[in-house]
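Throw the hints in and build the complete structure from the sequences for me.
Number of protein chains: 2
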Amino acid sequence: MIDVSAELRPVCLQLAAQAKDAARQLACVRTDVKDRWLRATADALVDRQADLLQANSHDLEQARADGLSEAMLDRLRLTPARIAAMAEGLRAVAALPDPVGRIIEGGVRPNGLLVQKVGVPLGVILFLYESRPNVTTDAAGLCLKSGNAVILRGGKEAQHTNAHLHALLTQTLAQLGLPAHAVQRVPTTAREAVGILLTLDQYIDLVIPRGGESLIRRVVAEARMPVLKHYRGNCHIYVDAAADLDMAERIIINAKCQRPAVCNAVESLLVHQAIAAGFVPRLARALHERGVEIRGCDLTRSLASGIATATEADYAAEYNDLIVSLKVVENLDEAIVHIERFGSGHTDAIITNDLAAARRFAHMVDSAAVMVNASTRFNDGYELGLGAEIGISTDKFHARGPCGLNELTSYKYIVQGDGQLRS
Amino acid sequence: MIDVSAELRPVCLQLAAQAKDAARQLACVRTDVKDRWLRATADALVDRQADLLQANSHDLEQARADGLSEAMLDRLRLTPARIAAMAEGLRAVAALPDPVGRIIEGGVRPNGLLVQKVGVPLGVILFLYESRPNVTTDAAGLCLKSGNAVILRGGKEAQHTNAHLHALLTQTLAQLGLPAHAVQRVPTTAREAVGILLTLDQYIDLVIPRGGESLIRRVVAEARMPVLKHYRGNCHIYVDAAADLDMAERIIINAKCQRPAVCNAVESLLVHQAIAAGFVPRLARALHERGVEIRGCDLTRSLASGIATATEADYAAEYNDLIVSLKVVENLDEAIVHIERFGSGHTDAIITNDLAAARRFAHMVDSAAVMVNASTRFNDGYELGLGAEIGISTDKFHARGPCGLNELTSYKYIVQGDGQLRS
Chain C
53 MIDVSAELRP
63 VCLQLAAQAK
73 DAARQLACVR
83 TDVKDRWLRA
93 TADALVDRQA
103 DLLQANSHDL
113 EQARADGLSE
123 AMLDRLRLTP
133 ARIAAMAEGL
143 RAVAALPDPV
153 GRIIEGGVRP
163 NGLLVQKVGV
173 PLGVILFLYE
183 SRPNVTTDAA
193 GLCLKSGNAV
203 ILRGGKEAQH
213 TNAHLHALLT
223 QTLAQLGLPA
233 HAVQRVPTTA
243 REAVGILLTL
253 DQYIDLVIPR
263 GGESLIRRVV
273 AEARMPVLKH
283 YRGNCHIYVD
293 AAADLDMAER
303 IIINAKCQRP
313 AVCNAVESLL
323 VHQAIAAGFV
333 PRLARALHER
343 GVEIRGCDLT
353 RSLASGIATA
363 TEADYAAEYN
373 DLIVSLKVVE
383 NLDEAIVHIE
393 RFGSGHTDAI
403 ITNDLAAARR
413 FAHMVDSAAV
423 MVNASTRFND
433 GYELGLGAEI
443 GISTDKFHAR
453 GPCGLNELTS
463 YKYIVQGDGQ
473 LRS
Chain Z
53 MIDVSAELRP
63 VCLQLAAQAK
73 DAARQLACVR
83 TDVKDRWLRA
93 TADALVDRQA
103 DLLQANSHDL
113 EQARADGLSE
123 AMLDRLRLTP
133 ARIAAMAEGL
143 RAVAALPDPV
153 GRIIEGGVRP
163 NGLLVQKVGV
173 PLGVILFLYE
183 SRPNVTTDAA
193 GLCLKSGNAV
203 ILRGGKEAQH
213 TNAHLHALLT
223 QTLAQLGLPA
233 HAVQRVPTTA
243 REAVGILLTL
253 DQYIDLVIPR
263 GGESLIRRVV
273 AEARMPVLKH
283 YRGNCHIYVD
293 AAADLDMAER
303 IIINAKCQRP
313 AVCNAVESLL
323 VHQAIAAGFV
333 PRLARALHER
343 GVEIRGCDLT
353 RSLASGIATA
363 TEADYAAEYN
373 DLIVSLKVVE
383 NLDEAIVHIE
393 RFGSGHTDAI
403 ITNDLAAARR
413 FAHMVDSAAV
423 MVNASTRFND
433 GYELGLGAEI
443 GISTDKFHAR
453 GPCGLNELTS
463 YKYIVQGDGQ
473 LRS
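From first to last, the protein sequence lines are chains C and Z. For the first sequence, position 268 (counting from the first letter as 1) is numbered 320 according to this note's numbering, and the numbering increases by one without interruption. For the second sequence, position 13 (counting from the first letter as 1) is numbered 65 according to this note's numbering, and the numbering increases by one without interruption.
For the record, the hints were derived by calculation from the structure and aren't laboratory data. This structure is a prediction, so every number in the text was calculated from the model and none was measured. Be careful, since some hints might not be right.
[Unchecked claim] Straight line, CA to CA, 30 Å or less: simulated DSSO-like cross-link-like pairs of lysine-lysine:
{"#": "1", "chain 1": "C", "residue 1": "K281", "chain 2": "Z", "residue 2": "K72"}
{"#": "2", "chain 1": "C", "residue 1": "K169", "chain 2": "Z", "residue 2": "K208"}
{"#": "3", "chain 1": "C", "residue 1": "K72", "chain 2": "C", "residue 2": "K208"}
{"#": "4", "chain 1": "Z", "residue 1": "K208", "chain 2": "C", "residue 2": "K281"}
{"#": "5", "chain 1": "Z", "residue 1": "K281", "chain 2": "C", "residue 2": "K169"}
{"#": "6", "chain 1": "Z", "residue 1": "K281", "chain 2": "Z", "residue 2": "K169"}
Printed below as a string of structure tokens:
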């Protein structure tokens, strides 16, 4: 039997050491050079899409032969419109302010020292993802603009597409005199390579796994370096006694139906008992009309027809589909306790016109984003004003919620004096 | 043989679960209640010091019997003056602004959504430390003020002192109606307890190990949750060709001699060749007069007497003592490369009146704090304006440099709308 790890170890070590070296150079590259690379890559993507589409069709053929589902094939598929969107994504990142060198805080101390807290890159980021090829350019663009070197590891099923994208990304790096190892790709599909990379904390500063909860748990268990985690999005909307019911209905429909497969779609609805009799029937009708399956508590089932019985598993579920759980609660505090028990700390909303209730909900619910009279779908890097995002963190350490350019940076203190001594 | 881990596991689980529960309550405690607890604890420390001193003398006796060094005994020892300083530390934390609920950023989005990024506690902090008893009250005060529950695990040699301090801390919690499990202590000196706690990432949000590099490496290897790390402080001062040599001498003496055992003391001096002949002899004289041993490169040895030969190990060393390494460099860039190779990313300084050199050094040196014409000793929470600190991070993730109250918090987004939908 071949010891795969022994063969892969030097490959991984070289990859990581090269990335560290590139990161050191990248940290000092000026914004205009980075932006030029982003725009040149966007142009190259569009200009040379014929080759890219061919590589993609190669992956699609193989995926079809392997019996992947139509949904999986759709994720993997590139089209001219999707390539144009990838290019637009890179141009949007070019238009964002550079997080490196930004002054986060600063001031003069009583002894005259000028203290400035300044944004710096994290260093080397290992990015693990699945089949969508657009993640390759999104991740490379955000990492490079924030001055970080990135090691990309996409899904096996997208390997030809990603190899082509990687060649294109590095070619534009070389044209502009940027370090070629700023964007690298794990050159093997062997699973063991990831295990080895996760131990190389002398080179790799952060891992971002984008995928299912089991992938993330595996990475957390093995990684010696920090992990930016996005576990689950079990988002709630609580309709308070003092809610505007028209608004509540509109927001629920938006949060459930506008894009049901994403992490900030609502999965669970809580309704105050005082308005349940009036609201549940119209809500059920509105949801049923849009093809949403409802699983509810006994009380909701007595108020409207066509509602299945909700189990505890339903209250905990992230459906990512046109299904929603529905429960009547006695009051605001029962809603808060329910969210604490079943929620995932991602996004939770209250619909109310009662100021005290809004304040209490916003204060007590411990989620990355708490919405008052707005759709859960707004927990998104672009919508919250961060520009692009690389993911939404359900963690509390370093970054929480949408992670944009700033969240991919650290900082240093630059202290200027004129001979100050410590006494 | 008894399976210690099997016995300890339920104890650790209970401890961690209780902490999580306390953290949930603490997150919503008002600032004035937390400050009252800090002041009441400070008063109790001073008022009831007789019992505390007795517990401490118990530890000291045992430590003497175990043959601990005089330096170790001194670390362990409490005196009325030291107790008064501990009380003052708690009162200083009470006087700092509450990081929980502070608005970090905010604004109105084009669609009218009001977005606020608000400070929240991290949750549960496991704090591992050594023999100094003042760390017990410092850590408890900073964690509680930042709304976090803390699990304390001090050195075995301080166990009676720490048990007494813990009783005092929890008694004042109970008096003010705060959750008793907000400050807990690992109730066993068994080493295995730490190993178990490091796997409980469902309850514990952060570990802070304060101790030697080997302890920290062990914690990083075992912990499932993030670790706030302080590895080493190998701090440099580079004296540029354009330095004010009087200022350089004063700063070097301050950085080396004012408190040589701490992490922000200077350990390595780099001198530009253009000024070496004039500066090295006077610097050597000034250092020797203060009892500092110098280990230098061949060129420095030819310029002054009494300088031993520096090895690579010397350039890498954190002496924490009255020893310093000294090297002549060709230019600024050689100094930067040397710091990159041997430094620890903690604190590095340049002494110069050349603006371009100062800018390049501050930009290129990747350390938590870069000083221009100031002593390395200023990398400290109080000196940089953070108030108190729980340690200095040599990490780049979450917090870098001094960690005060803000660095013990995360944030959430609170988004207020009037019915906005995502389109």
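### Query
What are the numbers of the hints that this structure violates, sorted from low to high?
2 and 4
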